[in-house]
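There are 2 protein chains.
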Amino acid sequence: MNLSKSNIKLITSLQQKKYRQKYQLFVAEGVKVINELLASSLEVEQLFSTDESFKPLKNIEVTSISENELKKVSTLKSPNKVLGLFKIPKEKEIIQDSFMVALDGVNDPGNLGTIIRLCDWFGVTELVCSKNTVDCYNQKVVQSTMGSLTRVNITYVDLQEFLSNCKLPVFTADMEGKNVYSSSLPKKAVLVMGNEANGISSEIAKIVEHALTIPRFGDLQQTESLNVATATAILLSEFRRGLK
Amino acid sequence: MNLSKSNIKLITSLQQKKYRQKYQLFVAEGVKVINELLASSLEVEQLFSTDESFKPLKNIEVTSISENELKKVSTLKSPNKVLGLFKIPKEKEIIQDSFMVALDGVNDPGNLGTIIRLCDWFGVTELVCSKNTVDCYNQKVVQSTMGSLTRVNITYVDLQEFLSNCKLPVFTADMEGKNVYSSSLPKKAVLVMGNEANGISSEIAKIVEHALTIPRFGDLQQTESLNVATATAILLSEFRRGLK
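Protein sequences appear in the order of chains L and B. Positions 1 to 244 (the numbering used here) are the ones given, in order, by the first sequence. Positions 1 to 244 (the numbering used here) are the ones given, in order, by the second sequence.
In short, the hints are calculated from the structure, not lab data. Since this is a predicted model, take the numbers as computed values, not measurements. Beta carbons are placed, not taken as given, at the ideal position from N, Cα and C, and that holds for glycine. Please note that the accuracy of each hint is not assured.
What the hints assert, rightly or not - When the alpha-carbon atoms are kept at most 25 Å apart in a straight line, the in silico SDA-like pairs for lysine to any residue are as follows:
no.	chain 1	residue 1	chain 2	residue 2
1	B	Lys140	B	Glu43
2	L	Lys188	B	Arg241
3	L	Lys32	B	Asp174
4	L	Lys244	B	Gly177
5	L	Lys77	L	Lys167
6	L	Lys140	B	Pro79
7	B	Lys187	L	Ser184
8	B	Lys167	B	Ile95
9	L	Lys32	B	Arg216
10	B	Lys140	L	Lys187
11	L	Lys77	B	Asn138
12	L	Lys77	B	Gln143
13	B	Lys77	L	Glu196
14	L	Lys244	B	Ala189
15	B	Lys77	L	Leu14
16	B	Lys9	B	Thr63
17	B	Lys92	B	Thr155
18	L	Lys178	B	Tyr181
19	B	Lys81	L	Asp108
20	B	Lys140	L	Ser78
21	B	Lys32	L	Ala197
22	L	Lys187	B	Ala231
23	L	Lys167	B	Phe217
24	B	Lys244	L	Ala231
25	L	Lys244	B	Glu209
26	B	Lys77	B	Gly30
27	L	Lys92	B	Gln143
28	B	Lys32	L	Ser201
29	B	Lys77	L	Ser225
30	B	Lys244	L	Pro186
31	L	Lys140	B	Thr75
As the list claims (entries may be wrong) - Derived DEER-like restraints, expressed as beta-carbon distance ranges:
no.	chain 1	residue 1	chain 2	residue 2	range
32	B	Lys188	L	Glu45	51 to 57 Å
33	B	Ser201	L	Phe54	30 to 36 Å
34	L	Glu45	B	Glu91	52 to 58 Å
35	L	Glu91	B	His210	41 to 47 Å
Using the sequences plus the hints, can you model the full thing?
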């Protein structure tokens, strides 16, 4: 069998968010990532493989393609045997009854991927994103989160409206906030993290009730700021450390 | 003035570690990064700028070049006005009298950059790297660390020999270690972090005295591991939080 022209066109179009939204599909690559996604509740649309011996975890038909065909549609430097199209799942209800993370305009797919993995690690199942946060079905995000993408409920919302109506206390990171190490942190809260260059937007800043600071150490206090993903790591660890 | 052929050849050669070591030079780009480096004790070799109005922080001659010339030698997607050649500083003595970080085979320049920024933030001035750790004068590292590169003493050593002779207690991160949240951590120690895929090498594992675990939360405990940079963020925060 072959990779049809229409399939090539479809798969490459899915590198763009507008086509992912149009077709409600996204691409994942590599045996490990594909098997992680197949093990989840996600629905698979099509699987392509250069390796005839590839047996997916579930009993799904696999279309054989050549290495050259895979190269044409892959976004990886070293394409890895299998490529799959998966259906973007319907958004689920946001359960506002525990600790949540919210993102306000995070741009970089690598940062979003790291934050999704962190949420999964720390048992945070609700991740709420502003509409201008990078799409979680972006291929870089899909590849870097591995299976975590399927274990965290990621929802894109009007963040200002969401936080205004949210009953949990709203926290953020800020250079002028309270020392996180000496703050008593609630079990149930929303932690809002902002854009890489500009932090949280002024509208969201008005809603935030508590600002936390990760103190700087040393004499030469010149480091500008921590990267949003590393700051999220430290703050999540602080919110959760009392529970173990 | 123009960018000479020999300069083009020199600058592009510095993308490779062997030429950085041969010429003892590295490249930095962008007004902000260049000014951060000029403000440090680093010695500048040459500055090139597309912007005649660019005034470096120090009184140094600037060679005017065209945007096209900058494009030819830049490794950035959007070249940013200024490019500088700096001398790689002589390695300084490692001061083993406080908290240190050691890296055993960290490969990814983005991870090394993040860890250097974290060291700077947490006042860790000694970063010891195994010889097979990515070069800190790699351009991606230089660009991502901004000025932090000049405030952390980074030394490449035979890590096995170094740790064998080191008088500080040696810690690492490990899935089978002691819960970091309930461990009492010393002020002075070495924290060894390993390679992205393989962790620390077996030779180093023999020297490590204390293994720490960042506990996983949630019911679905399937996240494989934290990225080395985020794990370093959380562990550094744990070692330092008692001091503020």
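What hint numbers does the structure not satisfy? Of the numbered hints, 5, 10, 27 do not hold.
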